[in-house]
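Chemist: Read off the chains here:
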Amino acid sequence: MIEQEPRPSLARPRRAPSPAEAPAGAIPLAPAPPAIQPAHSPATTRRAWITRGLAVILGGELFLTLLQRLGLEPAAWLRTFSVIFLSIFIEAAPFLLLGALVAGLIDAFIRPEQITRWVPRHPVLAVGVGTVAGFIFPVCECGVVPVVRQLYAKGLPRAVGITFLLAAPVMNPIVLVSTITAFGFGPLLVGRYLITASVAMTAGLLVSWSAGRAARRRGMAPAAPPAESPPAPVAAPPAPRPALRTRLDTALGVATDELFEMGRYLVVGCALAAALQTLVKQDLLLALGQGPIVSVLVMQGLAFILSVCSTVDAFLALTFVGTFSTGAVLTFLTCGPMVDLKSTLMFLGAFDRKTVAWLVAVPVVLTGAIGITLNLIHAF
Amino acid sequence: MDEPWEWTGLARAGLLLALGTYFGSSYLSGNLNNYINPEYNWLVLLSAGLFGLLGLAQAARFVRGHAPEHSHAPAQAAWGRLAVLAVPLALGIFVPGQTLGASAAAGPSGKPPTAEPPGRTVVDWGRAFHYHGYPNSFYEGQAVDLIGVVVREGGLPAGQFAFARLVMRHCAADTYAVGLLVVAPGTDSIADGSWARVTGTLHVDLQPRDPVLEIRARDVDATIGPPEFPYIYPQNFVSFPGS
Numbered sequence: 001m002i003e004q005e006p007r008p009s010l011a012r013p014r015r016a017p018s019p020a021e022a023p024a025g026a027i028p029l030a031p032a033p034p035a036i037q038p039a040h041s042p043a044t045t046r047r048a049w050i051t052r053g054l055a056v057i058l059g060g061e062l063f064l065t066l067l068q069r070l071g072l073e074p075a076a077w078l079r080t081f082s083v084i085f086l087s088i089f090i091e092a093a094p095f096l097l098l099g100a101l102v103a104g105l106i107d108a109f110i111r112p113e114q115i116t117r118w119v120p121r122h123p124v125l126a127v128g129v130g131t132v133a134g135f136i137f138p139v140c141e142c143g144v145v146p147v148v149r150q151l152y153a154k155g156l157p158r159a160v161g162i163t164f165l166l167a168a169p170v171m172n173p174i175v176l177v178s179t180i181t182a183f184g185f186g187p188l189l190v191g192r193y194l195i196t197a198s199v200a201m202t203a204g205l206l207v208s209w210s211a212g213r214a215a216r217r218r219g220m221a222p223a224a225p226p227a228e229s230p231p232a233p234v235a236a237p238p239a240p241r242p243a244l245r246t247r248l249d250t251a252l253g254v255a256t257d258e259l260f261e262m263g264r265y266l267v268v269g270c271a272l273a274a275a276l277q278t279l280v281k282q283d284l285l286l287a288l289g290q291g292p293i294v295s296v297l298v299m300q301g302l303a304f305i306l307s308v309c310s311t312v313d314a315f316l317a318l319t320f321v322g323t324f325s326t327g328a329v330l331t332f333l334t335c336g337p338m339v340d341l342k343s344t345l346m347f348l349g350a351f352d353r354k355t356v357a358w359l360v361a362v363p364v365v366l367t368g369a370i371g372i373t374l375n376l377i378h379a380f
Numbered sequence: 001m002d003e004p005w006e007w008t009g010l011a012r013a014g015l016l017l018a019l020g021t022y023f024g025s026s027y028l029s030g031n032l033n034n035y036i037n038p039e040y041n042w043l044v045l046l047s048a049g050l051f052g053l054l055g056l057a058q059a060a061r062f063v064r065g066h067a068p069e070h071s072h073a074p075a076q077a078a079w080g081r082l083a084v085l086a087v088p089l090a091l092g093i094f095v096p097g098q099t100l101g102a103s104a105a106a107g108p109s110g111k112p113p114t115a116e117p118p119g120r121t122v123v124d125w126g127r128a129f130h131y132h133g134y135p136n137s138f139y140e141g142q143a144v145d146l147i148g149v150v151v152r153e154g155g156l157p158a159g160q161f162a163f164a165r166l167v168m169r170h171c172a173a174d175t176y177a178v179g180l181l182v183v184a185p186g187t188d189s190i191a192d193g194s195w196a197r198v199t200g201t202l203h204v205d206l207q208p209r210d211p212v213l214e215i216r217a218r219d220v221d222a223t224i225g226p227p228e229f230p231y232i233y234p235q236n237f238v239s240f241p242g243s
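Respectively, the protein sequence lines represent chains A and B.
Just so you know, our numbering puts 45 at position 45 of the first sequence, and the rest follows in order with no gaps.
Just so you know, our numbering puts 192 at position 192 of the second sequence, and the rest follows in order with no gaps.
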């Protein structure tokens, strides 16, 4: 039986609680920076900068040696890298900006008690709400992370957030239109939605179960509320809301913070994706893509490296139809938007490592298993 | 102005406004053709507007003396974040945009952009040959006038080269090449990656194990500038009868 997920604290501070003080089911955000900057002596600071400088020089030397070994001319490589890096960044930036803006609006206009009122208490119903929300909100994998971060700060249960985080990039209305345009209404479209909903809900339920188990271990598992119980009581009457202009100003401030917080992970993710594309030939991967198992693994690797926006990846997948098995193409269409290089780095900036491990492992294992099973069924 | 966050607040406003200006000027200059499918240019305009909005709001907060939300973060970390987000701007400004696979830049190169000849492109003919299954007689003797990039692949004999264009679905990260073989004696001095205009007729070579669609060139002009749109986009594919 799945444990009832406890409610998070209503008045949650913006910083992440320590494991000892965190309530059951609380949201494990990435640790906040220390409030007070530790004092460093000028000599220590100088040594640190010298060490960093030497590391950069050594890294640069090693990289130039690698380029030479691969037969690439550094200036030409930089131009190609720059084009691919900027193309991914230019493509992803508007979605990150929209996600940051939505996060700012949530911070300024949504109260924690509203979140607790909207989300059902039963874990299965709650992850159902997360899945349906993913179907409605037009956010891709770049925009969804700041939105979920902000919803967590408002008290959204962890399982619902995880479900939404995984479902939204694949199931949102823009992706629906692009998938229908690419493949029409057929097995690939239906498969994409069914697999994503199953994986997202499974991940949400696993997180819910894990939170309940942790709470029981600490002896904090709350008794199930009576069926007719009203929504969770609010400790104090809500304070009067600030003026609209003040709230808009707050929203823009929070959006800017989210942009800088998540944007650095996007930049690093784009850089890694561009570096891999320019250093590892895709032909090598595609040559490996034969057989019911290897083809699925190759498509997972390709989706992870390419980090193409989920709103358009259906058109890319279209070119693999015929070369790759249906199971492999479906894996590309479901695993890639949930877990790719840039979104994984953004997860690391938003959640603790254990949660990121859940977020990466569950989609990779489940979509891989489903893809391989479909291939094997088709082969026999 | 003694607090480090005050300076980072100003720098954040400056960086956001600079990013907005870069996105806006890229939209207006046509520089985006090297990076994304023009169908999605409106997204860049949206980014320019949102960067500008956030930059102006940040500047207004700075003028009013408001600290950024995360002012408790170490100043070094705040500068680090700024530096990372400045990387796309630095690459966009200091590394010239270039079409993948072509040695001549698609931007200002001293040569005016070459107008795309009317009719079918290299990609249209390549796709038709590989996917539509027309009989060989459909191609035999068809006159072509095409723009593409010369690709010198190992193994091709003298007087032959591959002639390709890249197809861009959404951005430069998802491009793929479609090419035809060109038979053009006396053109071995044309460098790999050069833009060229090839006129001639199509011919299906049945000698290899798999038939190959080749162009028997009448003229190869490698002095042309790159086309205004260096990539071929799926929305511009020319359909064939029955396709």
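Treat the hints as calculated values from the structure; they're not laboratory data.
Take the hints with a grain of salt, since some may be wrong.
[Said to hold, decoys possible] Here are the computed distance ranges between Cβ atoms for each label pair:
1) PRO234/B with PRO74/A: 31 to 41 Å
2) LYS354/A with PRO234/B: 21 to 31 Å
3) LEU376/A with ARG218/B: 48 to 58 Å
4) ASP205/B with PHE63/A: 15 to 25 Å
5) PHE63/A with SER25/B: 26 to 36 Å
6) PHE94/B with LEU62/A: 17 to 27 Å
7) LEU376/A with PRO185/B: 32 to 42 Å
8) ALA222/B with LYS354/A: 25 to 35 Å
9) PRO120/A with LEU10/B: 38 to 48 Å
10) GLY30/B with ASP352/A: 37 to 47 Å
The beta-carbon is built from N, C-alpha and C at its ideal position, and this holds for glycine as well.
Chemist: Give a verdict on every hint.
Modeler: Hints and how they fare:
The hinted range of 31 to 41 Å is satisfied by PRO234/B and PRO74/A, whose Cβ atoms lie roughly 33 Å apart. Between LYS354/A and PRO234/B the CB atoms are about 42 Å apart, so this pair departs from the stated range of 21 to 31 Å. Checking the proposed 48 to 58 Å range against LEU376/A and ARG218/B shows it holds: the Cβ atoms sit about 54 Å from each other. The given range of 15 to 25 Å is broken by ASP205/B and PHE63/A, whose C-beta atoms sit roughly 43 Å from each other.
Checked against the hint of 26 to 36 Å, the pair PHE63/A and SER25/B passes, with Cβ atoms roughly 31 Å apart. At roughly 23 Å, the beta-carbon separation of PHE94/B and LEU62/A lies within the given 17 to 27 Å, and the hint holds. Between LEU376/A and PRO185/B the CB atoms are about 53 Å apart, so this pair departs from the stated range of 32 to 42 Å. Roughly 59 Å separates the CB atoms of ALA222/B and LYS354/A, a value that falls outside the hinted 25 to 35 Å.
At roughly 46 Å, the beta-carbon separation of PRO120/A and LEU10/B lies within the given 38 to 48 Å, and the hint holds. Judged by the Cβ atoms, the range 37 to 47 Å given for GLY30/B and ASP352/A holds: they are separated by roughly 45 Å.
Comparing the model with each earlier hint shows violations of hints 2, 4, 7, 8; every other hint is respected.
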